[in-house]
Amino acid sequence: MKILRLILGDQLNSTHSWFSKVDENVVYCLFEMRQETDYVTHHIQKIAGFFAAMRNFGNDLKNNHHNVIYFKINDKKNTQNLTQNLSLLFTENSIQKFEYQSPDEYRLDKQMSDFCKEINIESEVFSTEHFYTERNDLGTFSKGKKQFLMENFYREMRKKYQILMVNDQPEGGIWNYDKSNRQKWNKEVLIPPQKNFDNDVSEIVKELEIASVKSIGKINSKYFEYPINRVQSLEQLDYFCEYLLMHFGDYQDAMHTDNVFLFHSKLSFAMNSKMISPIEIVDKVLETYRERKNEIDISQVEGFIRQIIGWREYMRGMYWMLMPAYKEENFLENHHKLPDFFWTGNTKMNCLKNAIHNSLDNGYAHHIQRLMITGNFALLTQIHPDQIDAWYLGIYVDAIEWVQLPNTRGMSQFADAGKIATKPYVSSGSYISKMSNYCGSCGYNNKEKTTKNACPFNSLYWNFLEEKKVQLASNFRMKMMYSLLGKIPASEIAEIQEKAHHIINHLDEY
102 MKILRLILGD QLNSTHSWFS KVDENVVYCL FEMRQETDYV THHIQKIAGF FAAMRNFGND
162 LKNNHHNVIY FKINDKKNTQ NLTQNLSLLF TENSIQKFEY QSPDEYRLDK QMSDFCKEIN
222 IESEVFSTEH FYTERNDLGT FSKGKKQFLM ENFYREMRKK YQILMVNDQP EGGIWNYDKS
282 NRQKWNKEVL IPPQKNFDND VSEIVKELEI ASVKSIGKIN SKYFEYPINR VQSLEQLDYF
342 CEYLLMHFGD YQDAMHTDNV FLFHSKLSFA MNSKMISPIE IVDKVLETYR ERKNEIDISQ
402 VEGFIRQIIG WREYMRGMYW MLMPAYKEEN FLENHHKLPD FFWTGNTKMN CLKNAIHNSL
462 DNGYAHHIQR LMITGNFALL TQIHPDQIDA WYLGIYVDAI EWVQLPNTRG MSQFADAGKI
522 ATKPYVSSGS YISKMSNYCG SCGYNNKEKT TKNACPFNSL YWNFLEEKKV QLASNFRMKM
582 MYSLLGKIPA SEIAEIQEKA HHIINHLDEY
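In the numbering used here, the protein residues as written are 102 to 611.
Just to be clear, a hint being listed does not mean it is correct.
Cβ pair distances, simulated, as ranges [to be verified]:
1) N175 <-> V290: 41 to 49 Å
2) N431 <-> V290: 23 to 31 Å
3) K211 <-> L387: 34 to 42 Å
4) N395 <-> M266: 48 to 56 Å
5) N164 <-> K394: 37 to 45 Å
6) E230 <-> N164: 19 to 27 Å
7) N321 <-> D487: 56 to 64 Å
8) I220 <-> Q263: 26 to 34 Å
9) E193 <-> L387: 46 to 54 Å
10) N321 <-> P590: 30 to 38 Å
Keep in mind that the hints were calculated from the coordinates and are not lab data.
For each residue, glycine too, the CB sits at the ideal point set by N, CA and C.
Construct the entire structure; sequences and hints are all you get.
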C-alpha cells in the first residue's frame, strides 16, 4: 500500500516513531506555502527560521533513506494551499492511504479533518509524540472542579511525573518559588555571551522576496541565531544548563536595556517546532541540578520547569478546551486600534521602545516584556484583542496559535473574563521601574500621573480601573486596588481620566 505522510512546519520531531524504520512504500511531504506565510503578517525571522528548519528536516529524512517530497515556496508545482498540494500528490504518486499528525492549531486541525471526510482514500491521524499531556487531558482533569487554576494543574504534573518530588511532597518544602524569581538584574551578576548559531538563511530570504511575501522586522540573513535542526537544539539546551540555569530563576522577570536575553534559554523556537521535546529539556535540567546542587539553587530549576510542565502544557490544554469560541472573546469590550509604533518602535516611552525594538530586531521578547510592557500597555489603552492577537502571533519566532492565543487573549488581555488568569495583569509605571532600568533613561516621570511628563502608564492604570469597574470590581484579587481607587478624590480621578483619554486618543504622539 502506497502511503503519504504529511509533516507540518511545527512537527519537526526526528525521534517520532514514524521514522524508526525505512519503508519504500511511505512518502513524506513538507510544504512551504503562502497559506501559512500570509494568514497574519509574520516576522521575517519567523518565516525564514521555520523554512530553514523544515529544509534541514527534509534533508535529514532523505539522508536517512526516507522518500521525501518537498515543495519550496516558489516551486512550480506548489499550489500554495495545503489540501490542494496533498490532492496533487495523491494523484501523481498513486497514494492509497493518507496519514498525518494532529495539528496543534485549530484552523489546521479543522482543515485536515474536513479534508479527510472528502477524500476517497483511507486516512489516519497520529500523535505528535511531543507533549507530556494529550490534547484533551486537561478537560478530563478539570471535570467537576469548581475552580481550576494553573497552579493546581502544575502540582498534579509534578506528582504524576515525579519531578522535584520527595515522597509525594515538593522537594525543598514548597511548590512554587515565584517570589524568589522577581529580582532586578544588575551588571555585577555577569551574563555569559549568548549561544548563537550564525545560520545562513540568505537563500530563503531571497526566495521570499521573489515570492513577494509580506513580513515585518529585521533579519541578518547570514547570521540567523536560533537553532534550525536537532543537533543545534541540543547544543542550545546544553549551553543553557551549563552557563545560564544557575541564575535563570532569580532574573527570569528582569528587564534591562543592555541585554536582550539575560539568562533565558532561547529554546522556545526549537521546542515549538518540535526539534526538541519538553521531556528531554526537563530531564536535562534535572540532571544538571542533581550534578551541581552546590552551585544551582532549587529556585532556579523550579522556576524554569514550571514554565514548561505547568504553563506550556496548561496553555495547550486550555486552547483545545476553549476553541473555537475562545478566539472571539472580548469580555472587557475593548475596541481601540493598535498604535503604529507597535510596528516601528518609534515611541518616547522607553520601556515600550526597548520591548518593541527587541521584538522587531530579534523576533523575541521574554514573557514579562510581553505581559507587563506591550501587553499591559495594550490592555490599559483598551486595544481590540483581535489586533493584539495578530501582532503577537506575527512578531515572535516562537509564536504558534495554540500557545499564543491563550497567553494573549487570556493571560495578557483578560478578554476571557478569567478563564486563564484570575485577574488582569495591569500595572502602573512603578512595577516597570521595579523590574527594569527602563525608567532611568526615559523622558517620562514614573512617579507622576497627570503632569506633561508623567509616565503614561500611571494615568492609564487608574483610568482602566475606573472604566472597567462593572466587569472587575467584584474580582477578589482586585479588591485592594479598588479600595485604593475609592480613596482618590473625585477631582483627581477626573484629572487622571482626562490625561488618560488624551493619551488613548493620541497614542502615536507618546
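Do the hints match the structure? See the list:
no. : hint                      : result
1   : N175 <-> V290: 41 to 49 Å : holds (47 Å)
2   : N431 <-> V290: 23 to 31 Å : violated (42 Å)
3   : K211 <-> L387: 34 to 42 Å : holds (37 Å)
4   : N395 <-> M266: 48 to 56 Å : violated (21 Å)
5   : N164 <-> K394: 37 to 45 Å : holds (40 Å)
6   : E230 <-> N164: 19 to 27 Å : holds (21 Å)
7   : N321 <-> D487: 56 to 64 Å : violated (32 Å)
8   : I220 <-> Q263: 26 to 34 Å : violated (43 Å)
9   : E193 <-> L387: 46 to 54 Å : holds (48 Å)
10  : N321 <-> P590: 30 to 38 Å : violated (54 Å)
Checked against the numbered hints above, the structure breaks hints 2, 4, 7, 8, 10 and satisfies the rest.
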